[in-house]
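> One-letter residues, chain by chain:
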Amino acid sequence: MVRPIYKGVHSNSKMSAEERLEKFRRSMKTIKEIAPSTNVAKTELLYYGDKMENFK
Amino acid sequence: MGASIVLIGNNNSGLNIPKEILLDTSFLTILGTPSHIYFSKAFSFLNECIKNGIELYYTPIVVNELTHHYEKVYAKEEATKLGLNIADPKYNGAYGHKEIIKDIYAVNPTFNFDNISSSTAQITKELLDNADYLPETTGDGYLDRFQTVHKHVKGAIESNDISILLTGHTYGINSIVVADKGYAAVDGVNVYAIPTKDLRIAAQGTSSLHLPYDPDWMK
Chain A
1 MVRPIYKGVH SNSKMSAEER LEKFRRSMKT IKEIAPSTNV AKTELLYYGD KMENFK
Chain B
1 MGASIVLIGN NNSGLNIPKE ILLDTSFLTI LGTPSHIYFS KAFSFLNECI KNGIELYYTP
61 IVVNELTHHY EKVYAKEEAT KLGLNIADPK YNGAYGHKEI IKDIYAVNPT FNFDNISSST
121 AQITKELLDN ADYLPETTGD GYLDRFQTVH KHVKGAIESN DISILLTGHT YGINSIVVAD
181 KGYAAVDGVN VYAIPTKDLR IAAQGTSSLH LPYDPDWMK
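Chains A and B are the protein sequences, given in the same order.
Be aware that the first sequence starts at 1, since it is given in this note's numbering, and climbs by one per residue.
Be aware that the second sequence starts at 1, since it is given in this note's numbering, and climbs by one per residue.
Bear in mind the hints are in silico, worked out from the structure with no lab data behind them.
Since this is a predicted model, take the numbers as computed values, not measurements.
It is possible that some hints are incorrect.
Unchecked claim - To be clear about the criterion: a stretch of chain B counts as covered by chain A if any three or more of its residues have a C-beta under 8 Å from a C-beta of chain A, and this derived list gives those stretches:
| # | region |
| --- | --- |
| 1 | 53 to 65 |
| 2 | 77 to 91 |
| 3 | 98 to 108 |
| 4 | 124 to 131 |
Where is the CB? At the ideal position from N, CA and C, for every residue including glycine.
Can you build the whole structure from these sequences, using the hints too?
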């Protein structure tokens, strides 16, 4: 099998683990700021698993 | 036989994670919901992957699914602001988001769609920004292999999920992180699973040994 050449051309795979962790934490901070409200998420998200009981 | 299933915990330090792993939409929607009870497990897993240099990948199907999901979620937020009842059954189902958007415009004809599209774009980008993109491939024999997998899974996963697995396989990847129990039915795949009730049950009696990549999988 000839594997398509795509590895190593992306920004993430060129970054160090420390740089990737810092970027990941920034993303998660933003996600916490912009995530949809819990009430809406409860009506839409999660046909995965146990539905409404899945929220804090 | 089924997949090899590893349940994700609160602390995934020391977990044997393959060097490359696909991200499924089901996992990412939990990562995008900080109020979800499994959010910290999803966060911990990705944190551990990144800390250990594991390469994370997504395919175009995941972009489609995340966009579809968040368009509907943010449309429901806008609908709520306009006093629409988002619990109405007509807003559920595959085309529910179109009904919501239609009703938003009925209530407010000057509604700015950017309110939905910019939020959808932003959260989708943040969720995928820490992974790398794999172009979908349709190499020789794709149709035959797709139909082989389709027959094998007996409806446990949807056609989009089959496409994700086949694209990953083309790049030499047979591991995926999910919150969707259907993947448990797929032979030859390493499934890293959010421990929902369904996946906890599915994991019982299955192997958690790392399955090697098989170039002839589903051929």
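> Could you run down the list of hints and mark each one as holding or not?
Here is how each hint holds up against the structure:
{"no.": "1", "hint": "53 to 65", "verdict": "holds (count 3)"}
{"no.": "2", "hint": "77 to 91", "verdict": "holds (count 4)"}
{"no.": "3", "hint": "98 to 108", "verdict": "violated (count 0)"}
{"no.": "4", "hint": "124 to 131", "verdict": "holds (count 5)"}
Hint violations for this structure: number 3 only, all remaining hints satisfied.
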